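**Q** Listed here are the chains, written in short residue letters.
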Amino acid sequence: MFEKHKTSKPEPTSAQPYQDNLTTPAGTPASSGRAAVIGPGIYVNGEISGNENLIIEGKVDGKIRLDAHQVDIGQSGQVNADITAKTIKIAGEVRGDVTGMEKVVISSSGNVHGNIVAPRMTLEDGAIFKGSIDMDPGESPKAQGPAPSKKAVEKPEEKTVETPKVVASEKGKDNSAYSLNGS
Amino acid sequence: MPRRQQTLLFPTLVKRIDPDRRLSVLEIGPALPETIEFFSQFKCRLHFAAMYSDPVLQMQAGEFSEAELVDHLKQSFGFKKGTRFDLCLFWDFLNYLDDKTLRALNTVIQPYLHKTTRAHAFTVRTLDTSFSNQQYGIEEAHMFSIRPRKETQARKFPKTQAILVNLLSSFDIDQGMLLPDGRIEVLMTASL
Numbered sequence: 001m002f003e004k005h006k007t008s009k010p011e012p013t014s015a016q017p018y019q020d021n022l023t024t025p026a027g028t029p030a031s032s033g034r035a036a037v038i039g040p041g042i043y044v045n046g047e048i049s050g051n052e053n054l055i056i057e058g059k060v061d062g063k064i065r066l067d068a069h070q071v072d073i074g075q076s077g078q079v080n081a082d083i084t085a086k087t088i089k090i091a092g093e094v095r096g097d098v099t100g101m102e103k104v105v106i107s108s109s110g111n112v113h114g115n116i117v118a119p120r121m122t123l124e125d126g127a128i129f130k131g132s133i134d135m136d137p138g139e140s141p142k143a144q145g146p147a148p149s150k151k152a153v154e155k156p157e158e159k160t161v162e163t164p165k166v167v168a169s170e171k172g173k174d175n176s177a178y179s180l181n182g183s
Numbered sequence: 184m185p186r187r188q189q190t191l192l193f194p195t196l197v198k199r200i201d202p203d204r205r206l207s208v209l210e211i212g213p214a215l216p217e218t219i220e221f222f223s224q225f226k227c228r229l230h231f232a233a234m235y236s237d238p239v240l241q242m243q244a245g246e247f248s249e250a251e252l253v254d255h256l257k258q259s260f261g262f263k264k265g266t267r268f269d270l271c272l273f274w275d276f277l278n279y280l281d282d283k284t285l286r287a288l289n290t291v292i293q294p295y296l297h298k299t300t301r302a303h304a305f306t307v308r309t310l311d312t313s314f315s316n317q318q319y320g321i322e323e324a325h326m327f328s329i330r331p332r333k334e335t336q337a338r339k340f341p342k343t344q345a346i347l348v349n350l351l352s353s354f355d356i357d358q359g360m361l362l363p364d365g366r367i368e369v370l371m372t373a374s375l
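Line by line, the protein sequences give chains F and Y.
Residue 51 in this note's numbering is what sits at position 51 of the first sequence, and the numbering runs on without skipping anything.
Add 183 to the 1-based position in the second sequence for this note's numbering, that's all there is to it.
Bear in mind the hints are in silico, worked out from the structure with no lab data behind them.
Heads up, a few of these hints could be off.
[Unchecked claim] Cβ pair distances, simulated, as ranges:
1. G261/Y / T122/F: 17 to 27 Å
2. N51/F / P331/Y: 40 to 50 Å
3. N316/Y / A68/F: 41 to 51 Å
4. D97/F / S236/Y: 15 to 25 Å
5. D136/F / L310/Y: 38 to 48 Å
[As the list claims (entries may be wrong)] 25 Å max Cα-Cα, derived SDA-like pairs, lysine to any residue:
6. K257/Y / D134/F
7. K130/F / L206/Y
8. K130/F / Y295/Y
9. K333/Y / H255/Y
In this text, all values refer to a predicted model and were calculated from it rather than measured experimentally.
Glycine is no exception: its CB is placed at the ideal position from the N, C-alpha and C atoms.
All chains should be built: construct the whole structure from the sequences, respecting the hints.
**A** Structure (structure tokens):
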């Protein structure tokens, strides 16, 4: 369904292969390497699998499995499907579970309702997400809390900071011996 | 740019996180980039309930029974079977729930708590304390981010600590910190 046509001009099929150095559809997210495209006027109902990247600008219902490749869902993309891929970038709408072998990115225009599993996850400002995210950074953080973030190191203090001033109550429950996620 | 708010209580929760075990977090509000970035350093599952935009805030003004509210909340949360949250982030959401809806929330989340589940919330010192239409994120263990909420502010039902512990019976309040604007930041532990 998504085979490449290296020498000939792509035919106007429902899934048009193209290279990044060719003209890409408006609003298409950046992608590396060759990719198949499901255009804005195309509706696919079923299972999609293959060996190249995929850009979705149309509508897909079913299941998408591209374990070693990238799936980009453009702003006009509407996906009602579970998605598994190496990297998944979402600028459109997704209803379903999303598994990124390496990373999942939800862009500012993205709207996702489902569960996400990925070692790394990025949500851009303005993105809408409802569901759960399973993350595993692969390296345990220090028990005493996070290292200072880039924001704290690089930016001068330009924001309003509200400071607590009075201890109102402290029941003194003895919580010294437990870890938060120890049960 | 979001404003920032220091917190002296939240770091006490963060330092209790065992990095070798998966952390399960219920965030009652929307998913925000800084919150995801903050928790990305931990092996964890974050459940973003996005309840500030949930119809329950409008439903509570109607003639819905507590049982109907429970059914709605169960469906809206969509917790997976077997889920047990280690940490619940309620922010100021509880102050937007009337008594009946707060009891319904208590009923719905109780099965998903364990005996050392902790929670963070804002209550008020007095019932006339005002609070803004804002949403919260976590930039660092000691620093929250505050952004204006896009949704219109829902009707407020401010909760003092005394009222809260009566209605949210799944939790006891451990610590409270009075903020300059009259809100009280509280840490709670499940009382199962």
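**Q** Indicate, hint by hint, whether the structure satisfies it.
**A** Verification of the supplied hints:
1. G261/Y / T122/F: 17 to 27 Å: holds, 23 Å
2. N51/F / P331/Y: 40 to 50 Å: Holds, since N51/F and P331/Y (Cβ atoms, about 46 Å apart) stay within the stated range.
3. N316/Y / A68/F: 41 to 51 Å: holds, 45 Å
4. D97/F / S236/Y: 15 to 25 Å: Roughly 22 Å apart at Cβ, these two residues keep to the hinted range, so it holds.
5. D136/F / L310/Y: 38 to 48 Å: holds, 44 Å
6. K257/Y / D134/F: Holds. K257/Y to D134/F sits at ~21 Å (cutoff 25 Å).
7. K130/F / L206/Y: Holds. K130/F to L206/Y sits at ~18 Å (cutoff 25 Å).
8. K130/F / Y295/Y: Roughly 18 Å between the alpha carbons, so the hint for K130/F and Y295/Y holds.
9. K333/Y / H255/Y: Distance of about 23 Å is within 25 Å: holds.
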